[in-house]
Amino acid sequence: MSSLHAEQNVRGSKENDKLKKIDFKLISFTLAGRDYGINILKVKEIRKAGNFTMVPNTPPYVKGVDNLRGDIIPVIDLRILFNLPAESKDATNLENIIILRLDSLVLGIIVDTIEKVVGIASEALQPPHPIFGDINIQYIHGVVENESRLYIILDVDRIFGTPEKAQVSALPSAAEEAENTAEPASASVEVVATENVSLDLQFISENLSTFNQFFVSPINIQWTKSRLRAWKDLRKAENLDFQFTQKDDGEAFLSPFFSPLTGSLWTETQMVDLAKMLKLEGNNLVIWNPGCGRGYESYSLALMMETQFKASTYKVWASDLDLLSISMAPGLILDENELDLSGKSFTVQTKSGLQFNSNLKNKILFEFHDIKNINPFSKLHLVVIRDVLSFQKPHDQEKILVEITEKVKTGGYLVVGTNEVVEHENWRFVGHEPWSIYQKI
Amino acid sequence: MRVEYINPFVEAAYSVLTEVLHGEVKRGNLFLKASTKSVMGVAAIVGLAGEVEGRVLFDMSKQTAIKIASVMNMEELTELDELAKATISELANMITAQSVTKLHELGFRFDLTPPAIITGENMEVSDQEVEALIVPMETPYGSIEINVAIRQRS
Numbered sequence: 001m002s003s004l005h006a007e008q009n010v011r012g013s014k015e016n017d018k019l020k021k022i023d024f025k026l027i028s029f030t031l032a033g034r035d036y037g038i039n040i041l042k043v044k045e046i047r048k049a050g051n052f053t054m055v056p057n058t059p060p061y062v063k064g065v066d067n068l069r070g071d072i073i074p075v076i077d078l079r080i081l082f083n084l085p086a087e088s089k090d091a092t093n094l095e096n097i098i099i100l101r102l103d104s105l106v107l108g109i110i111v112d113t114i115e116k117v118v119g120i121a122s123e124a125l126q127p128p129h130p131i132f133g134d135i136n137i138q139y140i141h142g143v144v145e146n147e148s149r150l151y152i153i154l155d156v157d158r159i160f161g162t163p164e165k166a167q168v169s170a171l172p173s174a175a176e177e178a179e180n181t182a183e184p185a186s187a188s189v190e191v192v193a194t195e196n197v198s199l200d201l202q203f204i205s206e207n208l209s210t211f212n213q214f215f216v217s218p219i220n221i222q223w224t225k226s227r228l229r230a231w232k233d234l235r236k237a238e239n240l241d242f243q244f245t246q247k248d249d250g251e252a253f254l255s256p257f258f259s260p261l262t263g264s265l266w267t268e269t270q271m272v273d274l275a276k277m278l279k280l281e282g283n284n285l286v287i288w289n290p291g292c293g294r295g296y297e298s299y300s301l302a303l304m305m306e307t308q309f310k311a312s313t314y315k316v317w318a319s320d321l322d323l324l325s326i327s328m329a330p331g332l333i334l335d336e337n338e339l340d341l342s343g344k345s346f347t348v349q350t351k352s353g354l355q356f357n358s359n360l361k362n363k364i365l366f367e368f369h370d371i372k373n374i375n376p377f378s379k380l381h382l383v384v385i386r387d388v389l390s391f392q393k394p395h396d397q398e399k400i401l402v403e404i405t406e407k408v409k410t411g412g413y414l415v416v417g418t419n420e421v422v423e424h425e426n427w428r429f430v431g432h433e434p435w436s437i438y439q440k441i
Numbered sequence: 001m002r003v004e005y006i007n008p009f010v011e012a013a014y015s016v017l018t019e020v021l022h023g024e025v026k027r028g029n030l031f032l033k034a035s036t037k038s039v040m041g042v043a044a045i046v047g048l049a050g051e052v053e054g055r056v057l058f059d060m061s062k063q064t065a066i067k068i069a070s071v072m073n074m075e076e077l078t079e080l081d082e083l084a085k086a087t088i089s090e091l092a093n094m095i096t097a098q099s100v101t102k103l104h105e106l107g108f109r110f111d112l113t114p115p116a117i118i119t120g121e122n123m124e125v126s127d128q129e130v131e132a133l134i135v136p137m138e139t140p141y142g143s144i145e146i147n148v149a150i151r152q153r154s
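Top line first, the protein sequences correspond to chains X and R. Per our numbering, residue 1 is the first one in the first sequence, and the count goes up by one each step. Per our numbering, residue 1 is the first one in the second sequence, and the count goes up by one each step.
It is possible that part of the hints are untrue.
[As the list claims (entries may be wrong)] Calculated Cβ distances over 10 Å to all of chain X for the following chain R residues:
id, residue
1, H22
2, E24
3, K85
4, S89
5, I117
6, N122
7, E129
[Unchecked claim] When the alpha-carbon atoms are kept at most 16 Å apart in a straight line, the in silico EDC-like pairs for lysine to aspartate or glutamate are as follows:
id, chain 1, residue 1, chain 2, residue 2
8, X, K44, X, D71
9, X, K361, R, E4
10, X, K363, R, E4
The set of hints was computed from the structure by calculation and includes no laboratory data. We treat Cβ as the ideally placed atom computed from N, Cα and C, and that holds for glycine.
Go ahead and model the full structure; you've got the sequences and the hints to work with.
Pasting the structure below:
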């Protein structure tokens, strides 16, 4: 009896796991009242356009060609291709176009309406049954149900004629490692979907995570939304579309995100300013500084402790996943000009140049460490983790935050990036521009 | 793992392997691992203590172990017998000892334990609480992975 119950529980939770494991995302749209979807990896962008240049002697479903920022691409009316009833708009109305990128072929397809980004587990995909589609079954990659809507997923490689490359069963994207198979839903997509946010934001979020490994989540969504508004205006003024076409666009979008005082030593004024907001006292203070890069942040923290908290003993545990940067951190060579008077007293001339003296260096431990892995701390007083969480997958962001929350002492501090926000009942904001400081309550 | 510890292990592995194998040894990219890792067939483990606690594991396939033991003994061995195992143990000891010497020169005090050899099929190694650094080395006789899992003692 009990084993049967257990089996049902396992099955129930397995279905829940299936729901949570989103590894296939599609853009959903409608054709003649039915819901369809296309693998988001095949979609380059979406736009509204009209007035296509007609090309003579082409099949009826080729509406013509369109000028996509200089590239001439064919535009195909999917409704005509599939013999579905199509309401033709007059010359002034703009059609909804999905631009596809299939290997070297770029083309646009006209659809009735474009809906949203839907995330599903690839296991939930079912093979097509002849009865499901009004269109030729070999064009259907699969069928999936999501929130009581049935989506027919089109195999665009097959439709637009690269037979060898016809879509294989959806595999997790190459970026996912094998160990992450137990990962629950990508929180960014869930949050974004439940807030009924614009398709634009969803699209930009996809681009940011693919091109720049920046993951939109509660930590940075406020910044991302306001940045998107500004970005759209900026691009419009340059007569460009707001969507990304390459990695550089993502970098340009993200450039105002990064916290100031990164990659260089803090000045005394800045250290005093930060120290005022931190009530650190006692001895054996443990400071954790993940994502320290070449070490400027860690050295600055140590200098701050030396000059502003003279009465306390401390240790800075700095880590980074960039082996090259962090191997150089212990032997960081300084420029005389980057130091003010108080900093200079902690330096010493060596054969290779100006470095921090061993007294200071001994207070910092630089480690090659992946913060997604377990760490050895049991009690932390200060965690400085700026612009790091936003570049972790949402599931890892949560995991790391939970760990930090557990390990920081009550009254201890967490400093995140200037444009990052921590919304959690255990953390109270106590900082001011540009310091995002939270105290544990 | 503390960055200062990395180079001694990498350099010692490279120098010892190049010397005993008289061949070209290439180092692959370093990476970190925190979950269970499968072992290729032969694992030589050396414990570390002192400023850190943990172990170094030298991982290779049975074939690679036999070939390396053959080269080191200058005779053709066909199976992983006592002589071959002792040779691999010795290799593990040489690399770890040289690493510890280099670390000593940098001011770090490490102690090592005598090596142990474990052989078998379908083995896995996991470290519950310590992150492991993997240094893959490519030799003419197959790959050897050096797996260092240590944590600060304080």
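Now the hints, each set against the structure:
At the 10 Å boundary, the C-beta of H22 of chain R stays outside the reach of chain X, the nearest C-beta of that chain being 29 Å off. At roughly 23 Å, the least C-beta separation between E24 of chain R and chain X is larger than 10 Å, which holds for a residue marked as non-interface. Its beta-carbon lying about 32 Å from the closest one in chain X, K85 of chain R satisfies the requirement of being farther than 10 Å from that chain. The beta carbon of S89 of chain R sits about 28 Å from the closest Cβ of chain X, which is more than 10 Å, so the claim that it is off the interface holds.
Distance check on I117 of chain R: its Cβ is at least 28 Å (rounded) from any Cβ of chain X, clearing the 10 Å threshold; non-interface status holds. Separation of N122 of chain R from chain X is adequate, the least Cβ-Cβ distance of about 17 Å exceeding the 10 Å criterion. With a minimum CB-CB distance of about 6 Å to chain X, E129 of chain R fails to clear the 10 Å threshold, and the non-interface call is violated. Between K44 of chain X and D71 of chain X the CA atoms are separated by roughly 13 Å; this keeps the pair inside 16 Å, and the hint holds.
At roughly 12 Å between alpha-carbon atoms, K361 of chain X and E4 of chain R fall within 16 Å of each other, so this suggested pair holds. Distance hint between K363 of chain X and E4 of chain R is fulfilled; the C-alpha atoms sit about 15 Å from each other, no more than 16 Å.
The structure is inconsistent with hint 7 alone, although it conforms to all the rest.
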